[in-house]
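**Student:** Residue numbers (this note's numbering), protein chains in the order written: chain S, 1 to 281; chain D, 282 to 724.
Among the clues, some could well be false.
[As the list claims (entries may be wrong)] In the SDA-like style, the derived pairs of lysine to any residue whose C-alpha atoms are separated by at most 25 angstroms in a straight line are:
#1 D:K342 <-> S:L71
#2 D:K447 <-> S:T237
#3 D:K342 <-> S:A61
#4 D:K342 <-> S:D219
#5 D:K400 <-> S:V124
#6 D:K576 <-> S:G48
#7 D:K605 <-> S:G134
#8 S:K132 <-> D:V360
[Stated by the list, open to error] Only some residues are given here: those of chain S computed to face chain D with a beta carbon under 8 angstroms:
#9 T136
#10 D137
#11 F245
Bear in mind the hints are in silico, worked out from the structure with no lab data behind them.
Every value quoted in this text rests on a predicted model; they were computed, and no experiment measured them.
Each residue gets a CB set at the ideal place from its N, CA and C atoms; glycine is no exception.
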Amino acid sequence: MRPRRSIPLTLITALALIYSLLPLVWLLISATKTQEGLFGSFGLWFSGDFAFFGNIADVFAYHDGIFGRWLLNTLLYVVAGAGGATLLAALAGYGLAKFDFAGRRAVFAVVLGGVAVPPTALAVPIFLMFAKMGLTDTPWAVIIPTLASPFGLYLMWTYSRDAVPDEILESARIDGAGEFTTFFSLAVPLLAPGLVTVLLFNTVMTWNNFFLPLIMLKDADLFPLTLGLYSWNEQGTTAGGDVVFDLVITGSLLTIVPLIVAFLLLQRYWQSGLAAGSVKQ
Amino acid sequence: MLITRRRAILGAALSFTLLAAGCGGDSADEPAATTVSQDDVQAALDAGGTLTVWAWEPTLKQVVADFQTTYPKVKINLVNSGTGNDAYTALQNAIQAGSGVPDVAQIEYYALPQFALGKAVTDLNTFGAASLDGTFTPGTWNAVHSGAAVYGLPMDSGPMALFYNKDVFDKHQLGVPATWEEYTTAAEKLHRADPKAYITADSGDAGFTTSMIWQAGGKPYTVNGTDVGIDFADAGTSKFTAQWQKLIDGKLLNPVAGWSDGWYAGLADGTIASLVIGAWMPANLESGVKAGNGKWRVAPMPQWESGGKATAENGGSSITIPEKAANKALAYAFLKYATVDKGAQTRVDNGAFPASTKQLNAPEFLNKEFPYFGGQKVNEVLAASAGQVVPGWSYLPFQVYANNVFNDTAGKAYLGQGTLQDGLKSWQDASVKYGQEQGFTVK
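Please construct the entire structure, taking both the sequences and the accompanying hints into account.
**Tutor:** Here is the structure:
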């Protein structure tokens, strides 16, 4: 049956769409303006000169091209941090779902508790701990805390429970496969949609991570994009500082592009992941 | 999004301001004996080594480069540790953790007492800094002192002046106000003539408010070791609140937040016609308000009595050596180079406003014409202001915290919730409460 169209619902959705796209449109338009243009013109329409490409070139040229370095740093943190976090979450979630061992409920309770603690609250204690270990102001200070993803673990636990039938595992064990072989060659393909969801989730978290690097890092050469752009923005509040709002805006636009691409590429896996387990065979 | 982040940072800053201030003492009265001689400092320079410097002041980059050329054995790692709260949180964190502490740290005057009282920074009398008396303007030299101890060397200063947009003033036939009363009259006239234009922007700024009270002769803070008095009921404070309340009531202040993009936009399009602000402002106008090129001028700060000559400091910072720094002798060599010796001149040449009297009184400094200000010799006005700073001001040993809660207390007056005087009272209450919690004797 064709679902009935509801005019109020359509309207609400349209409003929500505009509401969520408006900042993006603003960002896109603002990135085409010079700093004077930003100050002197209406935010949601173009002003005189089209400086988009000039701005992009400036972003990559400013301060000896440090923006490119920040981009690579962010990529490193995402690949090592979010990638590692996803792998660990998958292993642990699968383990919790498919193996019965003493203390399983306790581990699970700790993980659920971990979901409730905001990462921001942990940043300072982690800093003090890392300082003792001499790890602050190194890439490890950002990567290691990122590896712990209680929410990802929880998602993988629920997902493994439903997506990997015990029968398959039993038959694999009867055939003599080791546990790691079973996991990587049998479970992982079944878990793929869930893995992609968690990966996407961790990627966004790591890409946007701000507070942890702010606390941990001092060396601008190690900054991720978020912290780098923040430091550019803060220049405007410093006596004698160089005011570069045009670069902050264009840099922000460039910063979200890879995320949008990742979303579009991984979206279909993600959608199939959302529906999995909703119907019991 | 940035606002919430900022909040988060403030939160973290709050929980750490107490660490430096917590373990107070009144030992600052006796000068520390000189234990490190000039020869020791020279020996450190000859031996070389690595220094980590946390500072945001942009002209230091050149100073560091020159220093390394002069002393090739010294390698300086200059880190822009962010400004204000971020920087102090990071510094407190590092000091508390005891690792990753820089050898040199830039600290603004308003935050210095907090680090000094907690003995987080070195008393430079160990290096004979007392002999530098007279090298710096009295206001900045006072700002780095706690009793006889010297906790930093003044790097830049912010004696206040009136920066105004001459185009806007001329267009509406406004004279340059010499007193605060004239300033208020000009504010009314301007806003009546052009409802979009305001004499200035103020949505509640702790630094500006304390500077204004300072100029009016108010002394709300009295500090004697861990005995702290906070009183916003004195005559100087009421002078300021009575006058400023008129601007608030008449809705004559542009409500845009300072240092935001909207603020820069207002300065560019003339809807913020003037600023009473520190002497470091020219560089910010030149880089952030390009549209104002040729339009702005500088005049002496408006006075409370006609014919008066009183000013205050707004902003400005020192460079210090954290107590846990690894190579203090070398760090002191750098401090002295950057504030007294060649570096001071380099910084002035690159646009910084000096705290050292030699640079401040140099003819080439005073006679420099600023094209941005229509060729005006801006430094003459600013240097004169530096000599007229009202003496005897002190900040709280937990001023970073106090400034953080300004907008939640006194700032409400700008939203029409109560008067400014009431707001300052609640700011006082919040500060007293916090100070007591930190172990200060606060009255």
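**Student:** Hint by hint, say whether it matches the structure.
**Tutor:** Hint check results:
A distance of roughly 24 angstroms separates the Cα atoms of K342 (chain D) and L71 (chain S); the hinted pair therefore holds under the 25 angstroms criterion. For a cut-off of 25 angstroms, the pair hint linking K447 (chain D) to T237 (chain S) stands: about 24 angstroms separates their Cα positions. For the given pair, K342 (chain D) sits about 18 angstroms from A61 (chain S) by alpha-carbon distance, which is consistent with the 25 angstroms threshold. As the CA atoms of K342 (chain D) and D219 (chain S) are separated by approximately 15 angstroms, the hinted pair is consistent with the 25 angstroms bound.
Between the alpha carbons of K400 (chain D) and V124 (chain S) the distance comes to roughly 22 angstroms, so the proposed pair stays at or under 25 angstroms and holds. Straight-line distance between C-alpha atoms of K576 (chain D) and G48 (chain S) comes to about 22 angstroms, which keeps the hinted pair within the 25 angstroms bound. At roughly 15 angstroms between alpha-carbon atoms, K605 (chain D) and G134 (chain S) fall within 25 angstroms of each other, so this suggested pair holds. Under the criterion of a C-alpha separation no larger than 25 angstroms, the hint pairing K132 (chain S) with V360 (chain D) is consistent with the structure, at around 21 angstroms.
For T136 (chain S), the interface hint holds, the least distance from its beta-carbon to any beta-carbon of chain D being 5 angstroms, beneath 8 angstroms. For D137 (chain S), the shortest C-beta to C-beta distance to chain D is roughly 6 angstroms, which falls under 8 angstroms, so the interface hint holds. About 5 angstroms separates the beta-carbon of F245 (chain S) from the nearest beta-carbon of chain D, less than 8 angstroms, and the hint is met.
Against the hints set out earlier in the document, no violation occurs for any number.
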